[in-house]
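**Student:** Sequence:
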Amino acid sequence: MWTISATAHTRATASRVWAIYCDVANWPRWDYGLDKYQPDGPFVTGTSGTLQPTGGPELPFTLVLVEEGQRFIDRTPIGPDHAIIGRHELTLSASGTQITHTVEIEGPDAEHLAQEMGFKQEELAETVSNLARYADSDHQG
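The sequence shown begins at 1 in full-length UniProt numbering and counts up by one.
Keep in mind that the hints are not guaranteed to be accurate.
[Unchecked claim] Across the chosen pairs, the derived CB separations fall in these ranges:
hint, residue 1, residue 2, range
1, 19, 57, 27 to 33 Å
2, 68, 48, 15 to 21 Å
3, 95, 57, 18 to 24 Å
4, 130, 56, 14 to 20 Å
5, 136, 3, 26 to 32 Å
6, 42, 109, 32 to 38 Å
7, 115, 15, 34 to 40 Å
8, 118, 69, 17 to 23 Å
9, 23, 85, 20 to 26 Å
10, 136, 1, 29 to 35 Å
11, 58, 15, 37 to 43 Å
12, 70, 3, 17 to 23 Å
13, 95, 47, 30 to 36 Å
Hints listed in this document are in silico derivations from the structure and should not be mistaken for laboratory results. Even glycine gets a Cβ: it sits at the ideal position worked out from N, Cα and C.
Construct the complete structure from the given sequences, taking the supplied hints into account.
**Tutor:** Here you go:
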């Protein structure tokens with residue numbers, strides 16, 4: 001398994017960050033590595049959909065766990081032997097909310113696949129920081 005993780009802090013409440021997660025049509029406003037994230041139903045455990053990395057193909061995903069206001073996990077199969085797991089967690093702090101995103105690749109030679117797909121720690125950190133700034137801003141949606 002291959003894993004990267006990034007954390008950022010926002011003054012916004014967890015419910016505000018959660019509302020941003022649920023507003024999937026606007027994810028490209030803060031996740032510049034994503035052209036589309038489109039569930040085929042409500043933002044709940046078991047819902048499937050399609051995502052499209054910037055410049056990449058559309059890929060299927062499933063929300064394998066959704067705990068409203070706290071965290072969600074999505075799973076994207078890549079061929080018969082691999083999957084990308086995205087973990088998105090919110091933790092309350094004295095001054096707002098800590099946002100943590102983790103990307104895992106499961107399967108043989110996962111590190112090679114991560115390099116091939118262009119996953120980078122710096123880009124994940126930028127995405128989480130963008131989300132924190134977006135949550136802090138007054139001009140959503």
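**Student:** Evaluate each hint against the coordinates.
**Tutor:** Status of the hints after comparison with the structure:
Between residue 19 and residue 57, the C-beta spacing of about 29 Å keeps the proposed range 27 to 33 Å intact. For residue 68 and residue 48, the Cβ-Cβ distance of about 18 Å falls inside the hinted range of 15 to 21 Å, so the restraint holds. Checked against the given bound of 18 to 24 Å, the beta carbons of residue 95 and residue 57, roughly 40 Å apart, lie outside it. Judged by the Cβ atoms, the range 14 to 20 Å given for residue 130 and residue 56 holds: they are separated by roughly 19 Å.
Between residue 136 and residue 3 the C-beta distance comes to about 27 Å, which sits within the given range of 26 to 32 Å. Distance hint check: the CB atoms of residue 42 and residue 109 are about 36 Å apart, consistent with the given range 32 to 38 Å. The hinted window of 34 to 40 Å between residue 115 and residue 15 holds, with their beta carbons roughly 37 Å apart. With their beta carbons about 31 Å apart, residue 118 and residue 69 fall outside the hinted range of 17 to 23 Å.
Judged by the Cβ atoms, the range 20 to 26 Å given for residue 23 and residue 85 holds: they are separated by roughly 22 Å. The beta-carbon spacing between residue 136 and residue 1, approximately 33 Å, falls within the hinted interval of 29 to 35 Å. A C-beta distance of roughly 30 Å is found between residue 58 and residue 15, which places it outside the suggested range of 37 to 43 Å. Taking the beta carbon of each, residue 70 and residue 3 are about 20 Å apart, inside 17 to 23 Å as hinted.
For residue 95 and residue 47, the Cβ-Cβ distance of about 32 Å falls inside the hinted range of 30 to 36 Å, so the restraint holds.
When each numbered hint is compared with the structure, violations occur for hints 3, 8 and 11.
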